[in-house]
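Protein chains: 2
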Amino acid sequence: MQQRMEALKRRLSRQGIQVGIVTSPDNVFYFTGFMSDPHERVLAAVFFEDSDPFLICPLMEAPDAVRSGFPHSVIGYGDAEDPWKKLKEEVEKRAGTVKRIGIEKSHLNVERFEILRSAFPSSGFVPLEETINELRLIKDERELERLRKAGEWADRAIEIAIRHLKEGVTELEVAAAIEYELKRNGIEQMSFPTTVLFGANAASPHGNPGTNKLKKGDLVLFDLGVVYEGYCSDITRTVAFGEVTEEQRTVYETVRKAQEAAVALCKPGITCAELDREARNVIEKAGFGPYFTHRLGHGLGIGIHEYPSVSETNGMPLQKGMVFTVEPGIYIPGKIGVRIEDDVCVTEDGCEVLTRFPKTLQIIG
Amino acid sequence: MQQRMEALKRRLSRQGIQVGIVTSPDNVFYFTGFMSDPHERVLAAVFFEDSDPFLICPLMEAPDAVRSGFPHSVIGYGDAEDPWKKLKEEVEKRAGTVKRIGIEKSHLNVERFEILRSAFPSSGFVPLEETINELRLIKDERELERLRKAGEWADRAIEIAIRHLKEGVTELEVAAAIEYELKRNGIEQMSFPTTVLFGANAASPHGNPGTNKLKKGDLVLFDLGVVYEGYCSDITRTVAFGEVTEEQRTVYETVRKAQEAAVALCKPGITCAELDREARNVIEKAGFGPYFTHRLGHGLGIGIHEYPSVSETNGMPLQKGMVFTVEPGIYIPGKIGVRIEDDVCVTEDGCEVLTRFPKTLQIIG
Numbered sequence: 001m002q003q004r005m006e007a008l009k010r011r012l013s014r015q016g017i018q019v020g021i022v023t024s025p026d027n028v029f030y031f032t033g034f035m036s037d038p039h040e041r042v043l044a045a046v047f048f049e050d051s052d053p054f055l056i057c058p059l060m061e062a063p064d065a066v067r068s069g070f071p072h073s074v075i076g077y078g079d080a081e082d083p084w085k086k087l088k089e090e091v092e093k094r095a096g097t098v099k100r101i102g103i104e105k106s107h108l109n110v111e112r113f114e115i116l117r118s119a120f121p122s123s124g125f126v127p128l129e130e131t132i133n134e135l136r137l138i139k140d141e142r143e144l145e146r147l148r149k150a151g152e153w154a155d156r157a158i159e160i161a162i163r164h165l166k167e168g169v170t171e172l173e174v175a176a177a178i179e180y181e182l183k184r185n186g187i188e189q190m191s192f193p194t195t196v197l198f199g200a201n202a203a204s205p206h207g208n209p210g211t212n213k214l215k216k217g218d219l220v221l222f223d224l225g226v227v228y229e230g231y232c233s234d235i236t237r238t239v240a241f242g243e244v245t246e247e248q249r250t251v252y253e254t255v256r257k258a259q260e261a262a263v264a265l266c267k268p269g270i271t272c273a274e275l276d277r278e279a280r281n282v283i284e285k286a287g288f289g290p291y292f293t294h295r296l297g298h299g300l301g302i303g304i305h306e307y308p309s310v311s312e313t314n315g316m317p318l319q320k321g322m323v324f325t326v327e328p329g330i331y332i333p334g335k336i337g338v339r340i341e342d343d344v345c346v347t348e349d350g351c352e353v354l355t356r357f358p359k360t361l362q363i364i365g
Numbered sequence: 001m002q003q004r005m006e007a008l009k010r011r012l013s014r015q016g017i018q019v020g021i022v023t024s025p026d027n028v029f030y031f032t033g034f035m036s037d038p039h040e041r042v043l044a045a046v047f048f049e050d051s052d053p054f055l056i057c058p059l060m061e062a063p064d065a066v067r068s069g070f071p072h073s074v075i076g077y078g079d080a081e082d083p084w085k086k087l088k089e090e091v092e093k094r095a096g097t098v099k100r101i102g103i104e105k106s107h108l109n110v111e112r113f114e115i116l117r118s119a120f121p122s123s124g125f126v127p128l129e130e131t132i133n134e135l136r137l138i139k140d141e142r143e144l145e146r147l148r149k150a151g152e153w154a155d156r157a158i159e160i161a162i163r164h165l166k167e168g169v170t171e172l173e174v175a176a177a178i179e180y181e182l183k184r185n186g187i188e189q190m191s192f193p194t195t196v197l198f199g200a201n202a203a204s205p206h207g208n209p210g211t212n213k214l215k216k217g218d219l220v221l222f223d224l225g226v227v228y229e230g231y232c233s234d235i236t237r238t239v240a241f242g243e244v245t246e247e248q249r250t251v252y253e254t255v256r257k258a259q260e261a262a263v264a265l266c267k268p269g270i271t272c273a274e275l276d277r278e279a280r281n282v283i284e285k286a287g288f289g290p291y292f293t294h295r296l297g298h299g300l301g302i303g304i305h306e307y308p309s310v311s312e313t314n315g316m317p318l319q320k321g322m323v324f325t326v327e328p329g330i331y332i333p334g335k336i337g338v339r340i341e342d343d344v345c346v347t348e349d350g351c352e353v354l355t356r357f358p359k360t361l362q363i364i365g
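These protein sequence lines map, in sequence, to chains B and A. Okay, so the first sequence: first residue is 1 according to the UniProt record's numbering, each after it adds one. Okay, so the second sequence: first residue is 1 according to the UniProt record's numbering, each after it adds one.
The shape of chain B in the complex, shown without the other chains:
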């Protein structure tokens, strides 16, 4: 944390930003080690180009913040107090009148921005995102260690998932069983609600599990991930329950080829757009282009969707230490849905795949 705070301080100073107000829970965690969801309450870590930072949080969470190891002032406020007034006082104590304040423009809402503007009427406000995203984009070894573990647990979750497939079971029952077994094994949190979809339900790329019952001939799509010490994994596998039709197999193999082609291309210098294009070409050539309706992937770390966005329009070149998903899919409405997703980390000359459950079509039952 100390290193990350120092890096931020240097960048603030270089950009002539006297104060950086960090308000998204993920970024607060990244810099301070304190993870908290304050709901509608205010949580902010405030950094200075030449003073020590402070953390402001709901009074009842202050002891947890201190315990989390943040080595500077933790300032709690009660529900009847005005956190912005306290923040202003603490900022002025440390930095006097400030010319430029950095904020998270993609997190801070307009209401809070207007409060800040009237609290600091002579300050200009500039976005901090790029600075912070640049820091977060490249994972350090400690982060990679956690991402690897999160990936291993994702693989285990798919094994568990497959063990629970039997005729007549519902999507929700399988989803519940997966989360139950993981929690019994000490996993405190999933990256997002576990998705289990049977048959035509899988044709909706953001479908939710329901009381749909498994039957022979269904393809089954699992999309899930765990949070391991604050870091997320995200895996998708599609397996067959019983015999597959030729069409199901063709769709599956097309997705697999697209996914493997993109993974094989990963290395420093290749752009996100090129990766997306690589997978999209395979799917288009097979005639399923219109059914691949989303980008190839997204960055992964403390957040389940972070930089880089692996899309057709992102010309950002890959760099060593970037971690993201590679997840092409084909969705034929009312009929078939297949997606295969791995988490990868860019290395010196290629990539390390963090999720390793087999991708050859698994036929269950």
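These are calculated hints, taken from the structure and not from any lab test. Errors might be hidden in some of the hints.
Given that identical chains are not distinguished, each listed pair holds provided it fits within a single copy or across any two copies.
For lysine to any residue, the following SDA-like pairs were computed, each having C-alpha atoms within a straight-line distance of at most 25 Å [claimed, not checked]:
1. K86 <-> K105
2. K216 <-> G69
3. K85 <-> S311
4. K335 <-> D37
5. K85 <-> F120
Note that the structure is predicted; figures quoted are calculated from it, not measured.
Put chain A on the given structure of chain B with help from the hints.
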């Protein structure tokens, strides 16, 4: 939905707002019936004082949006398209040049606000929150029916929770077992991650379950809720595992008296501040004032934290149809944590308590 959309239209017209852009998933659901978490993608329901509304969402979710029953245009955009450009075109098609645009200032972030400002350079932007919160504050019969069901499931969850208490079990195991049993019974989603805390762990009002093991003499705090057809419940019960000390009992009975006093006071005309004060007085008189570190409660509905805020500083009088939590607590750091929470709905002359698990101290094992 139709009624709610009409009510919003009338209010927009009355306030001279030509266009209302609704972006928070909860409010989009409230008006359109379409529930979706678009993550960092753009989701907006756009309303007009004198045209039909439209919904704009990621392309891959458009079929789900149509299926959800929204009777007007659903406009999908691909990952490589600019949703703001589409939104601007659709707005201009329906309303020409607009003078005033309503936005959710407590939801919309600064980055998106700046995009909107440059897309509509001659428009003024006003907050829509009050208008929408006024509508959502008073629950209609259909909403109450769902909130009652959500409350019943919360009671059942506490019964399940208690069945899983045995010496040596961990907080996480109990939390996992609760969610598993509920999901097997068709509950798709919890209102928030289930909290189970043993002994001194419960002294942190926002603590997370961990691998702490249950032992005789512990107080056990459960805080959980389910989402039932889009509506949340939120219950807290504290039970004793084995014998209790005199101090534990005193703390428990103080919280119970405070909670019951506040519930008994609920009726139209009493203010939120008076309710909070009523419970706080009981706790202060017993000498535990400094250990009740949060407000008495919060509104409940589609959101787990919505209006009204039941705090010392909110002079809003209760009205029939308001639904909120009543949840005083006493937290003696490192030692004892007790909280008791019910969901209540204000009626003509009192309140209906939606959560009914007994509040007399339950001694388990």
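Structure-based check of all given hints:
1. K86 <-> K105: both (21 Å within a copy, 22 Å between copies)
2. K216 <-> G69: Neither: 52 Å inside a copy, 31 Å across copies.
3. K85 <-> S311: between (42 Å within a copy, 19 Å between copies)
4. K335 <-> D37: between (39 Å within a copy, 24 Å between copies)
5. K85 <-> F120: For K85 and F120, the Cα distance is within 25 Å only inside one copy (11 Å; across copies 33 Å).
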